[in-house]
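2 protein chains.
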Amino acid sequence: MSLLIVGSMAFDAIETPFGKTDKIIGGAASYISLSASYFTSDIRLVSVVGGDFPHTFINNLQERGCQTEGLQIRKDEKSFFWSGRYHLDMNSRDTLTTELNVLADFDPVIPDTYQNTDYVMLGNLTPTVQRLVIERLKKRPKLIAMDTMNFWMNVAWDELMKTLALVDVLIINDEEARQLSGQYSLVKGARTIMGMGPQYVVIKKGEHGALLFHENSVFFAPALPLEDVFDPTGAGDTFAGGFMGYLAKSRHHNFANLKRAVIYGSAMASFCVEKFGTERLLELTPAEIEERVHSFVDLVQFDIELQNA
Amino acid sequence: MSLLIVGSMAFDAIETPFGKTDKIIGGAASYISLSASYFTSDIRLVSVVGGDFPHTFINNLQERGCQTEGLQIRKDEKSFFWSGRYHLDMNSRDTLTTELNVLADFDPVIPDTYQNTDYVMLGNLTPTVQRLVIERLKKRPKLIAMDTMNFWMNVAWDELMKTLALVDVLIINDEEARQLSGQYSLVKGARTIMGMGPQYVVIKKGEHGALLFHENSVFFAPALPLEDVFDPTGAGDTFAGGFMGYLAKSRHHNFANLKRAVIYGSAMASFCVEKFGTERLLELTPAEIEERVHSFVDLVQFDIELQNA
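From first to last, the protein sequence lines stand for chains A and B.
Read in order, the letters of the first sequence are residues 1 to 309 in the working numbering.
Read in order, the letters of the second sequence are residues 1001 to 1309 in the working numbering.
Hints listed in this document are in silico derivations from the structure and should not be mistaken for laboratory results.
The reader is advised that the hints may include incorrect statements.
Claimed, not checked - Some chain A residues flagged as far from chain B (calculated, every beta-carbon gap over 10 angstroms):
# : residue
1 : R64
2 : Q67
3 : D107
4 : M153
5 : N173
6 : S185
7 : H208
8 : E283
What the hints assert, rightly or not - Below 20 angstroms or equal to it, Euclidean Cα-Cα: the simulated SDA-like pairs (lysine to any residue) are:
#  : chain 1 : residue 1 : chain 2 : residue 2
9  : B       : K1205     : A       : D174
10 : A       : K259      : B       : P1225
11 : A       : K188      : B       : L1299
12 : A       : K205      : B       : D1228
13 : A       : K205      : B       : D1076
14 : B       : K1188     : A       : K259
15 : B       : K1188     : A       : D174
Backbone N, C-alpha and C define an ideal beta-carbon position, used for all residues, glycine too.
Use the sequences and the hints to build the structure in full.
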């Protein structure tokens, strides 16, 4: 089924304890699209880049099934740029530079060919732009998921509440969930957030895994214990891409299938962090992904029926 | 099967964001024994208390199947006392007071009736005392597990290495695993620690669950997402008691059974944090424990065979 993806496409410069990059490809929509492309070949991309953004990357996405009619290329302007530095624990990072450039006045265009989209993933952007996308779709999609961040809670709370009321799934990290809900307990926090609109809340905890909440049910997927996390940039977006890509592929969105989607999202994220930027996501094979998913099965599988054996 | 438990029995005074206690019963051996008593009724306790320690608690342990011939009661001395304060995240705590009292020169006595013990849990104590217990057992037990802490790594490294070389299972938290191994990655850290002696390493991550390592296998058990963690004191010891109690009950210690033991340990720990001190552990029913274990099954269970449904 079709998946519409909205988000930034950007340049990142990253420093980790393991090394440092020049400007490399980044941005939420880049990671989400690459990750989702392993599950569905009907992806519709909505984003904006400057004339400096490499055509090779756009061509690569097209070859993976991404329609790019909704990707605005502003020839005389510059792409969004972010640079940051991670510390040893990889859970916190310092932003060194943020240059909005083309993203400053982004007005998302939904081409006619993008109408009748089944699934929508709204990457982190201003809540107003996220809502504009929903409003510009003539037919309500089967499932809309969104990401957001603390910044919008601080500067655009009312807009964020309006957008949240329109979506089915919110995918955020633990710190964001705490700020959004005003609750330290993630269990209480998820309940508060479900009261704002989404029926499903996914709370990502980085190396500590992810929680999926729906009504009174909770599902937990661990992160795969890795020898090293090389670069966590994009891991959350890669999770979202795998999550929504899996749903688009499997055509269901009941709780049981969302649980599987969390596992696939976690598997994709576990690849993302193995190399800098999008590098690892460009070279995966379906067999590697299945093997990684089976590692998750092994990691959490136990047979409690045999307790008295 | 029989389980020998060595550790402190103490008074604690605890402050959390939810409240504050006067002196209440604490100590590693208290939590381990209570927790294990739900699984096996052949427990052999080795510890030391002062004349101030309540007989009612000792009687309670006896009624639960704990033999106390190895519990030294020094009438004219005072029991070990610890007080501490937790912050909102409950992952860090400040120690306000530590009074060793009877623990300062603890020389563990192994009564003849304790010989031929099947399983041994060495709670956190000086590595020298832990090793003395092992040496004073005439027959090698089936499985020896131990806990330790950063303090011993700082002040008694060589002694700790000698003791570690004698045990089968090390149960520690993530921060301790990092210090002991000198590795930030827990995967690499566990491998380094297995090189020091233990065939199995359990790394507890508090609210983020626990990892079990053996050779090249890893198992992960989440912590149950709770509305509130009321008081984390003793959660790690309660985990160890459930873990070893389950093994003693089920009489196996292959990897599959150690995985189940981790789940039972996690279930017991999830009760411990619901009230102050040992309060919740005194009132559990077997039905509650089974129900809690089933919550763990629900929490992590997914069916990936249906991926293309």
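Right, here's what the structure says about each hint:
The Cβ of R64(A) lies farther than 10 angstroms from every Cβ of chain B, with a closest approach of about 20 angstroms, so its non-interface assignment holds. Every CB of chain B lies more than 10 angstroms from the CB of Q67(A), the least distance being 24 angstroms, so the non-interface label holds. Here D107(A) stays apart from chain B, with its beta-carbon at least about 38 angstroms from theirs, past the 10 angstroms limit. No Cβ of chain B approaches the Cβ of M153(A) within 10 angstroms, the least distance being about 19 angstroms, so the stated non-interface status holds.
At roughly 14 angstroms from the closest C-beta of chain B, the C-beta of N173(A) stays outside 10 angstroms, upholding its exclusion from the interface. Not every C-beta of chain B lies more than 10 angstroms from that of S185(A), the closest at about 5 angstroms, which undercuts listing it as non-interface. A cut-off of 10 angstroms between C-beta atoms contradicts the statement that H208(A) is not in contact with chain B; the least separation is 4 angstroms. Every CB of chain B lies more than 10 angstroms from the CB of E283(A), the least distance being 22 angstroms, so the non-interface label holds.
Of the supplied pair hints, the one linking K1205(B) and D174(A) holds, its CA atoms being roughly 16 angstroms apart against a limit of 20 angstroms. Of the supplied pair hints, the one linking K259(A) and P1225(B) holds, its CA atoms being roughly 16 angstroms apart against a limit of 20 angstroms. With a C-alpha separation of about 16 angstroms, the suggested pairing of K188(A) with L1299(B) holds against the 20 angstroms cut-off. Taken as a hint, the K205(A) and D1228(B) pair is honoured in the structure, with Cα atoms around 17 angstroms apart against an allowance of 20 angstroms.
A hinted pair counts as satisfied when its Cα atoms are at most 20 angstroms apart, and K205(A) with D1076(B) does not qualify at roughly 51 angstroms. Taken as a hint, the K1188(B) and K259(A) pair is broken in the structure, with Cα atoms around 29 angstroms apart against an allowance of 20 angstroms. Restraint check: the Cα-Cα separation between K1188(B) and D174(A) comes to about 26 angstroms, which exceeds 20 angstroms; the hinted pair is violated.
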